[in-house]
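Asker: First to last, the sequence lines map onto chains C and B.
When we follow our numbering, the leftmost residue of the first sequence carries the number 1, and every step to the right adds one.
When we follow our numbering, the leftmost residue of the second sequence carries the number 1, and every step to the right adds one.
Do not take every clue at face value.
Each computed EDC-like pair below joins lysine to aspartate or glutamate, with the alpha-carbon atoms no more than 16 Å apart [unchecked claim]:
| hint | chain 1 | residue 1 | chain 2 | residue 2 |
| --- | --- | --- | --- | --- |
| 1 | C | Lys131 | B | Glu108 |
| 2 | B | Lys131 | C | Asp43 |
| 3 | C | Lys234 | B | Glu108 |
| 4 | C | Lys131 | B | Glu115 |
Keep in mind the hints are simulated off the structure, nothing from the lab.
There are 2 protein chains.
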Amino acid sequence: MPNPVAPGVYLIGAGPGAADLITVRGARVLAQADIVFYDALIDLSMLEWCAGTKLVPVGKRCGAHSSSQYFINKQLVDATSKHLVVVRLKGGDPLIFGRAQEEIDALEQAGVHYEIVPGITTALAASAQLKQPPTSRELSRTLTLTTLPGRCAHPDHKTAIYYMARDQLSEIAQVLLAEGYPASTPVCLMESVSLPTERSFACTLDELILGDVQHHFLDRQPVVVMIGEVYRKKLQTLNPLIQPQINFNVLQAAS
Amino acid sequence: MPNPVAPGVYLIGAGPGAADLITVRGARVLAQADIVFYDALIDLSMLEWCAGTKLVPVGKRCGAHSSSQYFINKQLVDATSKHLVVVRLKGGDPLIFGRAQEEIDALEQAGVHYEIVPGITTALAASAQLKQPPTSRELSRTLTLTTLPGRCAHPDHKTAIYYMARDQLSEIAQVLLAEGYPASTPVCLMESVSLPTERSFACTLDELILGDVQHHFLDRQPVVVMIGEVYRKKLQTLNPLIQPQINFNVLQAAS
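Could you put the whole structure together from the sequences, leaning on the hints where they help?
Answerer: Structure (structure tokens):
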């Protein structure tokens, strides 16, 4: 991409959270942006790339409602009449579960020049942080990314990574067990991927179904859920999501 | 990541090809690297980030053989005795179909400090270039990434993106049609994603099965194949992969 960047709208993926996990292209466009519309999932340290730029927070956590999406689309198009370089900064990759289609349609309809700058999607950032490839030649040669609690995994029991799934953990486990995934299938959960507050846990699929695990997570932080045989080693190295039950009978017998 | 970077080995994703689609973190580590082992899929413009660094080409196009993978592992570990910051630069994301597990195992066994810097994987870069999200709320809420010609798609006919698939196009189409994908399912193919030589084509699944399409592609260039209903509009806007058959009967009748 030439320097300076062409006038228009740029849909830029901010990456998972850490400011230096944006692409070089994304950072360069941000530095030249006249106005930046950023959504709630963006870590604010990311905005340091935008020196002297007008910053406009938009969107809502866990998906914007249609009305506000319509308003965002309108803001993007309207901004091009006052500003040369308009940025829409989205968490992760702009095209992965980011509702970009509506913005793209609005920009095309308005005849505005626009470009898309990809970003590191959360699943890949979480894999890098775990140091665990989601596929392997022996165990899984497919990776499914999804937001869908039902019927979202591969029939051959390959790796599945769920976005925005923290409120559906029990349902996901139920569906996968019903589809024939072994009860012992490893599950890794990671909160606030790549940020200083990042935490990760592991359990098995039958443990995931068991109980209320919401108390493990901080309010409003996104959680990515990785499920598959490739994660078996992590059951030993990560904190368990489910605390071992204290066996009171044994304690009483010992006292 | 602090500046300067800690001594150790860095597995860095170079992204799809364009030099500015590496992450800021990746570019910073490269600039401080003492030695960089890069593979054949890396566009050489990427190496401009490594001022004065020792550059060592390794690996082979379309996957290294076990023997050379063993040699790469050994080179990485051995390099840490002579160099502070050792980089293994891989195309796309280092953990997506990149055989990183063997390198990770070797580094862990040697007790070497190592980190993984994610990269833009080809599927997401291709989506950005196409300006087409691979999922949508209405048509597909799952995306499968795979290298496997057989049984790699989702039973509900969601979006599938195939890596390293240029020699298996007919087989992929056969399998998906047998699984019940409609013959009219749109297919997009993109060569040399994000490079100046990038080209893309579209066809339908039944056209993909028809014929020898290898002559469309340049030798040794990787091709990513995107299949799913979300790509229907691209059938109008991209070059057709299959040239329309000239109807000689019509021509004769007209002459």
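Asker: Would you pick out the hints that fail for this structure and give their numbers low to high?
Answerer: Violated: hint 2 alone.
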